Amino acid sequence: MTTFSSLLQAVRGNPANLVIPELWGQGRASFGGLVAALVYETMKAQVVSGRPVRSLAVTFVGPAEPGVPISFEAEVLREGRAVSQVLGRAVQNGQVVTLIQGSFGGPRDSVISVEAEPAPQVKPAKDCQELPYIPKVTPEFTRYLAMRWAIGAMPYTGKPERQMGGWVQLRGEEQPQAVTEAYLLALVDAWPPAVLPHLKTPAPGSTLTWTIEFVQPLKQSSTDDWFLYRAHIEYARDGYGHVAAALWSDDGDLLAISRQTVTVFA
Numbered sequence: 001m002t003t004f005s006s007l008l009q010a011v012r013g014n015p016a017n018l019v020i021p022e023l024w025g026q027g028r029a030s031f032g033g034l035v036a037a038l039v040y041e042t043m044k045a046q047v048v049s050g051r052p053v054r055s056l057a058v059t060f061v062g063p064a065e066p067g068v069p070i071s072f073e074a075e076v077l078r079e080g081r082a083v084s085q086v087l088g089r090a091v092q093n094g095q096v097v098t099l100i101q102g103s104f105g106g107p108r109d110s111v112i113s114v115e116a117e118p119a120p121q122v123k124p125a126k127d128c129q130e131l132p133y134i135p136k137v138t139p140e141f142t143r144y145l146a147m148r149w150a151i152g153a154m155p156y157t158g159k160p161e162r163q164m165g166g167w168v169q170l171r172g173e174e175q176p177q178a179v180t181e182a183y184l185l186a187l188v189d190a191w192p193p194a195v196l197p198h199l200k201t202p203a204p205g206s207t208l209t210w211t212i213e214f215v216q217p218l219k220q221s222s223t224d225d226w227f228l229y230r231a232h233i234e235y236a237r238d239g240y241g242h243v244a245a246a247l248w249s250d251d252g253d254l255l256a257i258s259r260q261t262v263t264v265f266a
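Residues in the sequence shown are numbered consecutively from 1, following full-length UniProt numbering.
These are calculated hints, taken from the structure and not from any lab test. Quick caveat: nothing in here was measured; it's all calculated off a predicted structure. Glycine is no exception: its CB is placed at the ideal position from the N, C-alpha and C atoms. Incorrect hints may appear among the rest.
Pair ranges (Cβ atoms, derived) [as the list claims (entries may be wrong)]:
id, residue 1, residue 2, range
1, Asp109, Glu75, 47 to 57 Å
2, Glu79, Arg162, 36 to 46 Å
3, Thr209, Gly67, 17 to 27 Å
4, Asp109, Gly67, 41 to 51 Å
5, Val76, Ile134, 36 to 46 Å
6, Lys126, Glu75, 41 to 51 Å
7, Val19, Gln175, 15 to 25 Å
8, Gln129, Tyr235, 24 to 34 Å
Here are the simulated BS3-like pairs of lysine-lysine, each with C-alpha atoms no more than 25 Å apart in a straight line [as the list claims (entries may be wrong)]:
id, residue 1, residue 2
9, Lys219, Lys126
10, Lys126, Lys159
11, Lys159, Lys200
12, Lys136, Lys200
13, Lys219, Lys123
14, Lys123, Lys159
15, Lys44, Lys219
The whole structure should be built from the sequences, with the hints applied where relevant.
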């Protein structure tokens with residue numbers, strides 16, 4: 001039970017007792033995108049049908065240690081006529097390690113309709129350099145996510161650019177899966193903090209808080225598809241960076257809008 005899909009299935013069946021494999025590690029923590037996805041699956045199970053997730057506000061309170069039992073909980077705070085507000089948490093060793101507040105809402109009739117701005121024009125995935133998985137060098141979880149740079153520079157290259165991104169794809173699945181919001185959480189969070197290319201030598205960096213909004217109805221896509229990610233640094237100082245990002249389908253449909261406060265220890 002190591003694929004992304006198998007872990008989602010496991011948390012649906014028994015959210016109170018799950019062990020995240022060490023193969024999904026990120027230093028001393030589990031991959032944040034996976035932890036957020038597992039909390040989200042637990043939250044979604046508490047929401048009435050017809051109310052897709054609109055936004056999630058994620059706080060990584062502490063590291064979720066791989067290889068150690070972890071439980072996932074969800075509580076409906078309010079259920080209105082169209083919107084459900086839900087609180088989710090991951091708890092390990094009696095401590096909250098991840099906290100998510102989510103808004104789930106059904107569609108409403110509206111006279112307002114504004115199309116998304118177009119996706120950036122970049123080289124196709126086949127022409128872009130992929131971050132290789134190197135044992136004991138790159139994070140363990142990168143064996144399950146392929147990232148190919150098309151915008152900006154790779155981490156620790158000493159290039160102070162504001163933008164970073166490219167193509168991302170989930171890998172390691174036994175067979176293609178339909179992409180849901182849980183998968184989008186992993187695809188967006190797979191990328192390293194956009195401030196890391198500014199450094200010339202490795203240094204720890206991680207997400208402190210993360211807000212992600214989903215464009216509904218979600219476009220149908222597969223885990224075999226490539227997705228385009230772009231992050232833009234709006235401000236960085238005193239060891240914190242403020243980054244806006246977005247994720248598009250391979251044919252240019254906007255799927256998710258993201259904001260992160262990241263920490264970097266350099």
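Item to complete: Report the numbers of all earlier hints that the structure fails to satisfy, in ascending order.
Response: Violated hint: only 1; rest satisfied.
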